[in-house]
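Per our numbering, numbering of the sequence shown is gapless, rising by one per residue and ending at 1620.
The set of hints was computed from the structure by calculation and includes no laboratory data. Errors might be hidden in some of the hints.
To be verified - Below, in silico cross-link-like pairs of lysine-lysine (DSS-like), each with a Cα-Cα straight-line distance of 27 Å or less:
no., residue 1, residue 2
1, Lys990, Lys1050
2, Lys725, Lys943
3, Lys1212, Lys927
4, Lys1212, Lys1236
Unchecked claim - Ranges of calculated distance between the beta carbons of each label pair, as one might list FRET restraints:
no., residue 1, residue 2, range
5, Arg1061, Val855, 54 to 60 Å
6, Val1546, His1235, 46 to 52 Å
7, Lys1212, Ala1349, 26 to 32 Å
Quick reminder that beta carbons are idealized off the backbone N, C-alpha and C, glycines included.
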Amino acid sequence: MNPISASPIFHAATAQPLPGRWAKYRPMALALLCGLGCTALLFGGVSRLEQDKVSLAFMQRAHARLFALQQGVGNAIAGLSSVNQLFASRAQVSRDEFHLFTRPILERAPYVQGISHLRFISHAERPALEAELGAVVPGLTLTEMRDGRPVPAGERASYRVIEFIEPLAENRAALGLDTAWPVVDGGSRQQAYDSGQPAASKLVRLAQGPEPRLGVIVSMPVFRFGAAPADPAARRAALVGETAMVMRPADMIEKIYAAAGLRGNLGLNLKVYASDGQEPEALVFEALPPPPAQATLPSWMYPAQPARLVQPFDVAGKTWLMVASQPGGVPVSDHLASIFTLALGAIVSVLGAAYVHSLASRNRDVQHRVDQRTAELKDVNRAMRLRDRAIESNVNAIMITDGAPRYGIVYVNPAFERLTGYPSAELIGRSTRMLHGDDTDQPGVKELTAAVREQREGHAVLRHYRKDGAMFWNDVYVSPVRDEHGEVTHFVSFMHDITAIKAYETELHHQSTHDALTGLPNRVLLLDRLRQTITHSERKGHALWVVSIDLDRFKFTNSRLGHKGGDRLLQAVAERLQLALRPVDTVARIGGDEFALMLLPEQGALSPRADQVQRVLDCLAAPLLIDGQELFFTCSAGIAVYPDDSVDPGALMERSDIAMYRAKEMGGNNYQFYTPAMNEQLGERMLIEGALRTALERRELVLHYQPQVDTASGRIVGMEALVRWQHPELGMVAPNRFIPLAEETGLILPVGAWVLRTACEQLMAWRAAGQRDGLRMAVNVSARQMAEPDFVQSVAAVLAETGLPPACLELELTESQVMNDVEHAIAVMHEVKKLGVLLAIDDFGTGYSSLAHLKRFEIDVLKIDQTFVRDLTVDPDDAAIVTTIIALAANLKLDVISEGVETLEQMAFLRQHGCRQMQGYYFSRPVPAAAFEAVLVENEARLAGQPC
């Protein structure tokens, strides 16, 4: 009921009056009626404004508590994420490291009961973990929660044990607790394991802390070190533990509000539920205002409903609910204006109608101004709150400093605190110089100092230092803040950590100047160092060498090892090159298996020495173990000299390459100095390489055959097939001119296949013509052929297609190629022997095989290299080597053939010491098939004319 309509005066004015009385009181009644009506309207308007103001103040207080609570919980969960990152970035984290890492987090979030690390262990690991925990808390064993308290844990296949927990003093009862049993709110943990993100549990019974032991556990999974799981299945497979944070909601909320200065109730009912509903069992915090200490007004005068806020918010994936409401009662202090208005209106109404009209007009004007000012205040408050929230939540660090002359810090946002590690309280009033300390020799410092002095905007990239001393790159923008008179009162700085960008730029520069596989300088960096060193050498007057190095037969080795094994081989070569050189020299990888060196003279010399290059070659020639295989390889090197060969870095590298190719043409495993004549030789090499690619198609390749003679009977027992190249313009190209090139380019594969097939077909043709059935054909096999996966199958196919008996075919392998990859050679020889084919070691004695390897080779023949046979009649050392090889073959029950026999004395020496089979110019030069057929006929005729 309206108080005005209930008053006696109202009834007197509205009741049916006597005519005289009505005329007498009409002006007063009308004035009174109008005054009271205006008073009632004014009272209602003012009371609504007061109610709006009370509601707005209530909403501000409620949202302030909601924001403080969300921020406090968010900071705590952010701390848990940083603890999780500690385990993600380290293969092993010690208890001391965990303590030191969590201490600042707990200091910033004192409302956290504890931060822990839980590890999954098996039953077999339980004794070791109990022993480890016993060193922290004597006598400690694994526990589990049963009937709301920790008891010794039962035996199970696996456990999820609290291994670390801080602070230990308040959480000692939880250390060693198996949280996997009994299963409490497993759904939240499974959600965390599947998503990799923090997840909060429902209210659970805790093992530690004072009663009531109810709390919320926020869990975050820890994955195996180095794992980067991308889906739930991968995350579960990589799960090794979790980091967890224990929060007692009531204590947490109380401390958060205390830290935020919101501990006082300030006239509102506040409840927080650990669920999305208002279930009584989920109520974790309740704050009720004290009984009113002042007089209250009757509620019928202010019938508006009290304001109420029901706001859900997220706590690590769980929805909590905050409910805030105004307390009951209508305090007089909140409605003084409306009470005064009511009283004043009644008084003025009684005083007279004239004053009523004036008062009504004035009240209307006041009402308008109040509304306008209230709206303006709301807008200002809204803009200020928005600006404050924007600054507080900005991911960029923001700092505000005083103007001249102090330039002290007056404000920093939370992002600045996270960036620098300094809390706001330590920064207020201090100079910004603390960020760069003594590191003032930076162009950016001078730029920003000038910008502040000149009261203008400035930008610089600075080296700043966090509170712990760690340096970071800071991108800083400074702008002046001016007042309404244009005077600079403050400066605002926006900062962004660009350390990662700087590191990326450094990494990009390193990648652009270094080889990704070996970490050595690449061609770009080598050329740059050459330019600098040439400038220095020009002043000093000394020479420098550019050495180009290429591995011999690397393609063969790479095909055997595979790409990954080849990469490891190149890395090992890079390490050896670095060990063989001095720190002042430079080794670079140019590409593939090609390396380059820049050699400087030794101290006191004017030019490098050849033994520096030889030392490198010797270092690379030592056996190397890759993937369990012992490898032997050599390299070829070419040398270009500054300033003799050129003063241009690019030309020096090109000419060292030309010299290196010359070293390869000379058989590899040597070094050559560049000469101008090599340019012509390189042109010839390119001509030969181009012509060789079409030689097979044009039928320019032919086979010559050299007989192998049994000197005891004088009978030709076999022949060796030797490839020759009859070029229409170059004439007969010597094998040493095109065979190494064929090996290098891979053309040896089709050439070798053609030689094998043609030789087998020729021998079958001679057998069909009656030219002895017992002849054998010796065919040389290259390392590249032997490395092919289908080599044995190709030999078997040739034998099947030509019909040649396997025992009539002898494959000759060089000693160096079988020693390059011993295990592979043994496997291939074993498969070839299954076919029935004979095997011979060619050029025996020139390589580096050992007797331990030789006895594992399934070979039939040793061929003595002609370099030992040539001087055996005059050189005692050669004679000793030959007799030793013959004796070795006899003891191993192997046939032996001597190559390069050219004189009667050589043949007599060899026969005397037990070598029966020989080949060489003494018997016949290699000849075409038609000429060899005549040699066979002549041999048969001579044998037929001898008496039996």
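Quick rundown of the hints versus the structure:
Under the criterion of a C-alpha separation no larger than 27 Å, the hint pairing Lys990 with Lys1050 is inconsistent with the structure, at around 34 Å. The hinted pair formed by Lys725 and Lys943 meets the criterion: a straight-line CA distance of about 23 Å does not exceed 27 Å. Distance check on the hinted pair: Lys1212 and Lys927 sit about 74 Å apart at the alpha-carbon level, beyond 27 Å; violated. Between Lys1212 and Lys1236 the CA atoms are separated by roughly 44 Å; this puts the pair beyond 27 Å, and the hint is violated.
In this structure the hint that Arg1061 and Val855 lie 54 to 60 Å apart at CB is violated, the actual value being about 41 Å. For Val1546 and His1235, the Cβ-Cβ distance of about 51 Å falls inside the hinted range of 46 to 52 Å, so the restraint holds. A beta carbon spacing of about 30 Å between Lys1212 and Ala1349 agrees with the range 26 to 32 Å that was offered as a hint.
This entry does not satisfy hints 1, 3, 4, 5, going by the numbered hints stated previously.
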